[in-house]
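Engineer: Protein sequences, first through last, are from chains A and B.
Using the numbering used here, read the first sequence as starting at 1 and increasing by one per residue.
Using the numbering used here, read the second sequence as starting at 1001 and increasing by one per residue.
Accuracy of the hints is not assured; some may be wrong.
[Stated by the list, open to error] Between beta-carbon pairs, the in silico distance windows are:
id, chain 1, residue 1, chain 2, residue 2, range
1, A, D57, B, F1213, 32 to 38 Å
2, B, F1213, A, D324, 16 to 22 Å
3, A, T253, B, E1064, 29 to 35 Å
4, B, P1047, A, E245, 23 to 29 Å
[As the list claims (entries may be wrong)] Partner residues aside, some chain B positions facing chain A, computed with beta carbon under 8 Å:
id, residue
5, F1036
6, I1127
7, E1165
8, P1167
9, G1168
10, P1236
11, W1260
Source of the hints: derived by calculation from the structure; they are not laboratory data.
No residue lacks a Cβ here, since even glycine has one placed at the ideal position from N, Cα and C.
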Amino acid sequence: MSYTSRFSGGLFGRLSCSASALTLLMTSTGFADSHAQTITIATVNNGDMIRMQGYTDQFTEETGISVEWVTLEENVLRQRVTTDITTNGGQFDIMTIGMYETPIWGAAGWLVPLDGLSEEYNVDDILPAMRGGLSHDGTLYAAPFYGESSMIMYRTDLMEAAGLEMPDAPTWEFIREAAAAMTDRDNDVNGICLRGKAGWGEGGALITAMSNSFGARWFDMDWNAQFDTQPWRDTLTFFNDMMQESGPAGFATNGFNENLSMFQQGLCGMWIDATVAASFVTNEDSTVADSVGFALAPDNGLGRRSNWLWAWALAIPAGTQQQDAAMQFIEWATGTGYIDMVAENEGWANVPPGARISLYENPNYQEVPFAQMTLDSILSADPNNSTVEPTPYVGVQFAAIPEFAGIATEVSQEFSAYYAGQQSVDEALENAQAITNEAMEAAGYR
Amino acid sequence: MARAVTSQRKALNTVVAWSIGLLIFFPILWTILTSFKSEAEAIANPPVFMFFDWTLENYSVVLERSNYMRFLTNSVIIAGGSTLLGVLIAVPAAWSMAFVPSRRTKDILLWMLSTKMLPAVGVLYPIYLLCIRLGVLDNRAALVVILMLINLPIIVWMLYTYFREIPGEILEAARMDGATLKDEILYVLTPMAIPGIASTLLLNFILAWNEAFWTLNLTSVDAAPLTAFIASYSSPEGLFFAKLSAASTMAIAPILILGWFSQKQLVRGLTFGAVK
């Protein structure tokens, strides 16, 4: 026997046996029980989602379907579910996704259309803005668990001390004046706290929504970047000047959590952010819970306000083997019965907001201090008509194209560098323009 | 001749060493302290250090919400399995490179290390698709193999460095006494390299324990280790720092305890060959 054949028969044989054994071992060590009906749901670690997990036993009791939760931080979840759905991995039966992903994934055929929802579910009860944002070509692809816009949360006591009165729908000029009047550096009170942190879902969301009210847009009708226009320059300089005058030190790295923490401790006069924060600033952890007022996000008299629109929604990936069970869960979790159950056990202020018309018609919910302003904010955001000039994209604080998340993350990094004093406004806008046009060209839009 | 060190100098060295040690340990200490605070105290400004109402509530919430033992078991199996498998493969590889080097040994070593320079996300899709084809997504054995492959260059490099310190004449003497290759590696080389192998095992166990890219991307329920457990408490919309700190403390506690008890071997192994 030659050396080669001995090698092939011996070592390779043993290697091949080992590989087979390894594959067998790998495939046999899974725990999944194929007999019991269990659905796996990927979700974010937000308060309302965690609350929903607490009621899962109720669902299992009613239907006999067990639920496994995979809870992840928002950015990790986004990467995880994107990898799974684009490879048809089948790891999840339900995914928690937002308004950005839903129309794109729906159009790609990656999601199961939710056109088989029962009559009792009453799909017409979903707020039109939410339904529109979670649909593609009129077909609903994800059911909203909770929806949000953005609005002004402000300290009524500081506003009164400054001798001002907050209008229901203020302008940016008023906000800037009020912020300056409320600022008290000696006592660490900042007139206004806003997101400056890089990231398309952090500072990127706020500045894009704000730019809408200044007449700016991301792209013209031919997908050319618009950062070389005056409205973008006005947006950025106004934001930065106001924050330098009346914002906290280091605002360029502040996101939702940093601002929430400061507002709860009485260090912010005003905060413009997600409507879902209203329950946090008025709960027992907040030192200023008794003196918080709400108003619509500001505008600039151009017919567009600076509030965004978002929903965390439940969708079924096309690769799931348990479509019926997943559909049952979605009906249970996003139906009116779930809202009633939470209200009964934890009070109306804790029900998932912003998804259903009937919730805002309920007299009990109307007594919640931020309910009406949340609804007004949601209703004033229109993803199909969010800018003064026409655009080829849908979305308020984003453009619903697959390339947007990557581009906007880079652009927001340029903006944050400007806020931090690392570059001028012109440099930031020039870089943003170049990054965006280059990426759009590479993607074949231009 | 050794240099005389004054007692003042010794005291200064001790103070500096302790200060650096405490500085490095401070983030861990702060995480542990925060885990015993309420959510409001966790974000208090100015921060409270020791004088707060100590509570175990966060641990109770975390234990109620998550199946900690399942995550812990998975971490132990994945980190332990990948380390042991890696050492089993790396010992003969490092032996051949240290004692029977070829002209290309140095190149091979450098090439092996260069694989660590590739951003993991660059191969996420190929590995994910491979796992789907083999039906091993969310599978502990698959992660054992993947983490072993990821850490193998480091294991080989570390062992190679330790083996190079062992005089080749000892192995030659063993061969002259009739030792086979197996005997030479098992009964001569390995006992002499125990400190090095122990520190390699420990260091790679820690690396595998903390690995968060593959363990998050290739698992969902059954194989999810403690990295997934921590990730489930991080939230961009809501202040849950105290609960996140409790989850982090529970995740690092086993490895911290292991490191504490084995610090002698760890330091001995890491400084092996440093003083000649």
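Engineer: Determine for every hint whether it applies to the structure shown.
Structural biologist: Tested hints:
About 33 Å separates the C-beta atoms of D57 (chain A) and F1213 (chain B), a value consistent with the hinted range of 32 to 38 Å. With their beta carbons about 34 Å apart, F1213 (chain B) and D324 (chain A) fall outside the hinted range of 16 to 22 Å. At about 34 Å, the beta-carbon gap between T253 (chain A) and E1064 (chain B) stays in the expected band of 29 to 35 Å. Checked against the given bound of 23 to 29 Å, the beta carbons of P1047 (chain B) and E245 (chain A), roughly 27 Å apart, stay inside it.
Annotation: interface hint on F1036 (chain B) violated; nearest CB of chain A at approximately 17 Å, more than 8 Å. Below 8 Å, beta-carbon pairs count as interface contacts, and I1127 (chain B) has none with chain A, the closest being about 10 Å; its hint is therefore violated. Restraint check, E1165 (chain B) versus chain A: the minimum CB separation of about 30 Å is more than 8 Å; hint violated. With a least beta-carbon distance of about 31 Å to chain A, the hint placing P1167 (chain B) at the interface is violated under the 8 Å criterion.
Interface restraint check: G1168 (chain B) against chain A, minimum CB-CB distance 26 Å, threshold 8 Å, status violated. Nearest Cβ of chain A to the Cβ of P1236 (chain B): about 5 Å, under the 8 Å cut. The hint holds. Because the closest C-beta pair between W1260 (chain B) and chain A is about 29 Å apart, greater than 8 Å, the hint is violated.
The structure shown violates the earlier hints numbered 2, 5, 6, 7, 8, 9, 11.
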